[in-house]
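There are 2 protein chains.
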Amino acid sequence: MSTITIALDAMGGDYGPEVTIPAALQALRQYPNLKLRLVGDEELLTKLLKLNSEAPGERLFIQHASQEVAMDESPVHALRTKKDSSMRVAINQVKEGKADACVSAGNTGALMATAKFVLKTLPGIDRPAIISSFPSRIPGKLVRMLDLGGNVDCTDENLVQFAMMGSALVSAIDNNERPSVALLNIGEEEIKGNEQVKRTAQLLSNNPFINYCGYIEADRIFSGDVNVIVCDGFVGNISLKSMEGMARFIADSAKGEFKRTLFSKLVALCTFPVLKRLKESIDPGRHNGANFIGLRGIVVKSHGGANVWAFAQAISEAIKQVEADVPNKISREMSASLPEEERKSA
Amino acid sequence: MSTITIALDAMGGDYGPEVTIPAALQALRQYPNLKLRLVGDEELLTKLLKLNSEAPGERLFIQHASQEVAMDESPVHALRTKKDSSMRVAINQVKEGKADACVSAGNTGALMATAKFVLKTLPGIDRPAIISSFPSRIPGKLVRMLDLGGNVDCTDENLVQFAMMGSALVSAIDNNERPSVALLNIGEEEIKGNEQVKRTAQLLSNNPFINYCGYIEADRIFSGDVNVIVCDGFVGNISLKSMEGMARFIADSAKGEFKRTLFSKLVALCTFPVLKRLKESIDPGRHNGANFIGLRGIVVKSHGGANVWAFAQAISEAIKQVEADVPNKISREMSASLPEEERKSA
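These protein sequence lines are chains F and Z, in that order. Numbering-wise, the first sequence is residues 182 to 527 according to the working numbering. Numbering-wise, the second sequence is residues 182 to 527 according to the working numbering.
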């Protein structure tokens with residue numbers, strides 16, 4: 182088992198090192214072949230490690246960074262003025278070959294802009310996208326959806342590139358040669374949709390490299406009917422957050438119901454193991470770690486509000502991506518679709 | 182209690198009269214002051230009523246219509262070639278003063294286009310929108326969201342009008358003089374969002390008739406933090422369907438978990454009453470009946486796949502709208518915001 186090195190933006194996310202340090206220690210215990218580079222304020226990180234009875238060592242290296250990117254900072258501002266931020270330095274580790282991947286729970290827009298600036302996109306890709314996987318009704322089958330918030334204003338061509346990348350990712354990871362790709366829309370009939378969706382459907386139908394199967398409505402995301410679902414980042418993020426909000430509302434309402442009477446409290450005790458398994462099978466935290474796809478390097482974005490367990494999941498996701506050699510595989514798939522000239526210059 | 186007359190598009194929806202007739206009979210039993218005009222194929226409807234041991238009478242009138250609008254028909258085609266469709270004739274009943282409101286489970290786009298053509302919009306409104314209410318974490322507090330799919334390509338001005346209408350509806354129904362209005366977005370910071378959302382936020386901030394409170398993310402729809410949430414119809418429909426899909430996925434997964442072992446089957450028996458109450462409190466069917474808002478008349482859109490119970494809910498929703506005199510109240514609220522000249526010509 183070869184060693185894998187991951188750079189962690191230790192200061193990012195709603196909780197910063199309070200979450201990233203315990204998650205790092207947990208990941209090191211779980212993966213004996215893992216090395217981590219904790220990026221952030223060296224003094225603070227050393228102190229916090231000491232509180233956990235740990236010290237930097239062979240497997241846990243601290244890389245100092247003097248700045249932090251705020252959660253509400255504009256990507257342009259972060260890019261211009263935060264050249265020594267924990268986020269930027271963590272991405273630099275990947276660029277410089279010191280890490281195989283980087284994980285951050287920081288400001289999504291800034292992470293996207295910085296990763297694109299530092300690592301550059303793969304040949305044939307104008308903009309990276311955020312992709313994540315969802316469970317489906319078909320046991321073991323994951324559905325991948327992109328873009329989930331990286332690009333709020335997209336061109337038709339961007340959407341086609343998202344379809345290519347999603348398709349290439351599924352080919353690379355799931356050994357599926359012709360992944361089915363659908364376009365997220367508000368109906369399945371041809372007449373439905375806004376102008377952009379209709380134009381993109383035309384482009385996808387005519388693209389020989391994509392196994393395009395038409396529109397899919399948002400209530401069928403979990404159906405398992407397709408491998409890849411494509412949408413712009415604004416719509417994708419609204420869809421994702423709508424699902425999260427509904428899941429939380431149901432969970433909270435269920436808790437309320439189970440607390441209403443003594444009988445229902447007793448029922449809740451018996452129900453607990455069942456609900457726990459249910460939660461594990463659909464918990465978004467379990468699927469924490471959206472990938473930035475389309476870059477010359479692996480960058481995993483954890484949910485900003487991730488807890489220790491969820492941030493550790495994002496580290497696991499990065500390890501999986503490294504093992505599957507995702508960027509190189511996508512690059513090969515993509516370059517097959519490029520005209521000869523572009524392929525040479527790539 | 183004064184009589185209320187509702188016209189039903191008896192042929193609309195995925196199931197047509199199989200659902201609309203039993204739902205009509207149920208509503209007549211529930212509301213002694215209700216009269217219904219069943220619009221559709223007279224021969225078929227009479228035959229189906231007979232199977233239910235019923236006949237047309239004082240409270241249940243059949244209005245013949247020779248055509249039907251297909252669920253996948255283009256709105257323009259329906260408008261041009263289906264002048265005697267059950268949908269169009271049902272809307273005509275409202276226009277001609279024979280009914281106080283109309284309910285249809287038919288093709289949303291065609292219903293929207295036909296209702297707009299026949300009834301016209303209120304002064305100051307360019308396009309009607311689809312609005313519905315959601316439960317929230319605050320007991321008894323509903324959150325209203327629009328547009329949920331009526332207008333897929335919107336201008337900034339349309340979105341401002343949606344905000345005005347939503348606000349007016351809440352004022353009219355909930356006696357809330359300054360309903361809070363938020364714009365659905367992918368973040369709450371000012372820098373977030375696509376170009377349209379940013380421009381619309383500017384317009385809303387400067388509008389003295391709207392109590393605008395900024396952006397809201399889709400995972401906070403159920404928070405109860407605001408009264409009205411505004412978005413374009415494409416995004417609104419994706420959000421709605423994403424929530425529905427998640428709720429169904431959770432319900433199905435829960436069923437699966439409860440069937441795994443004998444113990445969990447026994448637990449399920451005890452849990453049943455609790456889950457039933459939970460389902461009732463969040464079931465989208467309970468909130469079936471999205472309203473078309475902005476028209477000179479009341480049109481309620483039932484979910485196409487509504488069952489008898491859910492279609493009856495849509496009829497109840499129409500009754501509520503009639504009792505609250507919604508279009509007139511919105512018209513008064515809207516006209517207060519119009520320049521003097523437009524007010525006179527309205």
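None of these hints come from the bench; they were simulated from the model. Please note that a few of the clues may not be correct.
Just so you know, same-sequence chains aren't split out, so a pair can sit in one copy or run between any two.
[As the list claims (entries may be wrong)] Result set (DMTMM-like, lysine to aspartate or glutamate): computed pairs, CA atoms no more than 25 Å apart in a straight line:
| no. | residue 1 | residue 2 |
| --- | --- | --- |
| 1 | K379 | D307 |
| 2 | K301 | E223 |
| 3 | K276 | E376 |
| 4 | K440 | D406 |
| 5 | K379 | D337 |
| 6 | K216 | D337 |
| 7 | K322 | E425 |
| 8 | K322 | E254 |
| 9 | K279 | E370 |
| 10 | K301 | D253 |
This one's a predicted model, so the numbers in the text were calculated from it and none came from an experiment.
Going down the list of hints, with the structure as the test:
1. K379 / D307: both (21 Å within a copy, 24 Å between copies)
2. K301 / E223: So K301 and E223 fail the 25 Å test inside a copy (28 Å) and across (67 Å) alike.
3. K276 / E376: Intra 39 Å, inter 32 Å, cutoff 25 Å: neither.
4. K440 / D406: Classified as between: cross-chain Cα gap 24 Å, same-chain 38 Å, threshold 25 Å.
5. K379 / D337: Both ways: K379 and D337 sit 10 Å apart in one copy and 21 Å across, limit 25 Å.
6. K216 / D337: neither (41 Å within a copy, 50 Å between copies)
7. K322 / E425: both (20 Å within a copy, 20 Å between copies)
8. K322 / E254: Classified as neither; 37 Å inside a copy, 34 Å across copies.
9. K279 / E370: Neither: 50 Å inside a copy, 34 Å across copies.
10. K301 / D253: This pair counts as within: shortest intra-copy Cα distance 24 Å, inter-copy 44 Å.
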